[in-house]
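Novice: The chain contents come next:
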Amino acid sequence: MSAVETTGLTKEYGDVAALDGLDLSIETGELYALLGPNGSGKTTTIEILTGQRRPTSGSAQVLGVDPVAEPVEVRRAIGILPEREDPPSFLTPREYLEFVSEMRDIGSVEERIERWANRLEFQGVLDTLSTDLSEGERQRVMLAQVFIHDPDLVFIDEPLVNLDPLMQAQVKTQLREYCEAGNTLFLSTHFMEVAEDLCTRVGILADGDLVAERDPRTADEDLLDTFATRVGETEAGEDPTAEVRAP
Amino acid sequence: MLTEEFRMHSHLFGPRRFAAFPFFIAAVVGAGVWLLSATDTSLELIVGGLFVLVLFAGFQVGTIGLVGRDAIQDVIGDMTLLVFSARTLPVSRRRLLFVFLFKDLLYYVALFLTPVVVGFLPVVVDGGFTLAEVGLLWVTVADTFALGIGTSLALAGVASRSTATAAGVIALLTAAVTLEPDLLLSLSPYALYADPGVETVLSGSVLTVGAVVVGPLLFEPPTRDRVQRVGDDRYRQFQRFGDALTARPLVEVTRSSGSVWKVVFSLGVLFGVTTLLLDRITAAMGIDPSAGIAFGTLLGLGTFTTYNWVTQNDSDREYLRYPERMRAVFAGKRRAFFLLALPTGLVYLALAGVLFPGLELLLGVVVFPLLAVYVFGLTAYMTGLSPNELLFNTPLFALYSLGLMLVAVPLLTAALAFDEWPVAAAGLSVALAVVGAAVGAVLARRTGPRWHDRLRAES
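Chains as they are written, first to last, in this note's numbering: chain A, -12 to 234; chain B, 126 to 584.
There could be a bad hint or two in this list.
[Claimed, not checked] Here are the simulated distance ranges between beta carbons:
hint	chain 1	residue 1	chain 2	residue 2	range
1	B	Gly356	A	Glu122	45 to 55 Å
2	B	Leu308	A	Arg71	51 to 61 Å
3	A	Ala156	B	Asp357	56 to 66 Å
4	A	Pro24	B	Val534	49 to 59 Å
5	A	Ala215	B	Arg359	14 to 24 Å
6	B	Leu527	A	Ala156	37 to 47 Å
7	B	Val216	A	Thr15	35 to 45 Å
8	A	Gln110	B	Arg570	16 to 26 Å
9	B	Asp307	A	Arg71	49 to 59 Å
[Stated by the list, open to error] Footprint (simulated), chain B over chain A, 3 or more residues, beta carbon under 8 Å:
hint	region
10	74 to 87
11	169 to 182
[Stated by the list, open to error] In silico negatives: residues of chain A with every beta carbon more than 12 Å from chain B:
hint	residue
12	Thr15
13	Glu34
14	Arg63
15	Ile67
16	Gln132
17	His136
18	Phe142
19	Met154
20	Ala156
21	Gln157
No lab work stands behind these hints: they were computed from the structure.
Here the structure is a predicted model, which is why all the values come from computation and not from measurement.
Ideal Cβ placement from N, Cα and C applies to all residues, glycine included.
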């Protein structure tokens, strides 16, 4: 069963086409990464799939639900971590996670909060105002809010940003375990090694179009080479359709 | 910083809208002066009112020192400004903030006060003013604005050292305004305007020079130099007032710089304006307007600032990530808004009872909360979770001002007419406030779906 399915998804911001007929299919249990240069449409894709933004045309299904028509239902089933988002400055991590839990109608959250704080090692700052946390601590709190309600599918924009190497390794393990349990992960990242290390499939987005997909575990070509070739072709205006969408 | 300020506003609101703002101000003031003159309001009273309003606008601008960096960031959004570069430039934070406020002074004089004074030019054609008098008005109004900024800054400085001393200074100032208004006026820029001469150039500068010198000297920029552990149970306690969406803005208001005092101060500005205007109107026109309707109306309009505080830490897109309807988000804001604004406004109405007949203020007790319902509905509907967009977004500001005036003008007219037709004026004001509240309630109900759709369609 597809966890995410899009057909001909487009999004125009005035004269600029952020997405240009995106066709995407991600199976349940996949660890999928969307890779692309700045402005290639990664964030717009996530925002449409999570019901935060309406597409100009095209359709999408997330866990069998249309995020355009039923955004709240989609958000109920998924976890979202946008890029560069901090927990609210004047709440503590504990209060913020309680807040998120109430938004998601989860009762008795204390045990969940303790579990995630221990797992992501921020139990020592659970009662410190978020404005006083380090960047890394804030990112860990944001990661915890993604998983606190045990979602079947999560969307994460740059999961490892601001984390130290040990915590990066720990989060990678956590993400793998999450998918091994039958859940689906949709990542957006600039970091090639994150996509290569972690993902079962990588899609390369350039100018709002999916120009290549690869399984980094089996592909002959180096992912960086694919990226450079495909993005370069697209930016030079060449036709990137050959071999496109062939995982 | 001036370049930065100009680019920021033209970027945020579009160059045309931003450029239109001074013209809009001049047009509104011109129309206001003409309307007031047409209703036989003396020029002296109009100018007196202008000085009062400009002084309080200065207070408000100067309170940036009271509320600190989080409020600055709220006003300007997620941007990096020179004022925040004390860590990377060899310039002290105190100096950067001083320059920031000085820049604000220049900026407001150029884009706000100059158009205000230009609005008086038709009076020159009418023969009520000479060009020299308009020039004098411009200088003294700018001087008054600086007095307001300096006073706020000085108070913020005192408050950063001792809240009790700050409260004492405010009490002292209030007593001076009440007991010796003429002495204060003779030391203010208004003295120079009223009687231009060498003597008043000197005496009229006393307060401004004092505030502008003492303010920056006393001012200590609020800093967060320690990690703050929260031992209280405030978030859970506030949830008793509703839900998490109610508790969150309450926690954010009480824990951010200035705490709940910024709400008290903002409505206090309106309380001060009303007190002074009532005093001036009585002295100049010889009528006794309804203090209840006047306080109820102006405090009600002033609850706009409370809406600003309950949304100051919001990023509207954050709420699009939760499986919760925007209707619930605004319902939480509404509860927090009323929990903060209503008690504060009612305390000021009680305080007004010291200066004005208590029975008469009962009208204010009726008008104020109803108008607060209207203001909440209108503000939330028009601005969503970003009320600061009203600053310099000319069409939005014009529409919002029109929305407020639709209710405020007839209510204030009723306040003036109360002396002659008390029953009719009271009945009309209550009826208007009820209609306003009904409209506000409808707008509030439509706010959630409207902003959910708008944010999702945003390009």
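Novice: Please go over all the hints and tell whether each is borne out by the structure.
Specialist: Hints versus structure:
no.	hint	result
1	Gly356(B) / Glu122(A): 45 to 55 Å	violated (25 Å)
2	Leu308(B) / Arg71(A): 51 to 61 Å	holds (55 Å)
3	Ala156(A) / Asp357(B): 56 to 66 Å	violated (36 Å)
4	Pro24(A) / Val534(B): 49 to 59 Å	holds (55 Å)
5	Ala215(A) / Arg359(B): 14 to 24 Å	violated (53 Å)
6	Leu527(B) / Ala156(A): 37 to 47 Å	violated (59 Å)
7	Val216(B) / Thr15(A): 35 to 45 Å	violated (56 Å)
8	Gln110(A) / Arg570(B): 16 to 26 Å	violated (42 Å)
9	Asp307(B) / Arg71(A): 49 to 59 Å	holds (56 Å)
10	74 to 87	holds (count 9)
11	169 to 182	violated (count 0)
12	Thr15	holds (20 Å)
13	Glu34	violated (8 Å)
14	Arg63	violated (4 Å)
15	Ile67	violated (5 Å)
16	Gln132	violated (9 Å)
17	His136	violated (9 Å)
18	Phe142	violated (9 Å)
19	Met154	holds (20 Å)
20	Ala156	holds (27 Å)
21	Gln157	holds (24 Å)
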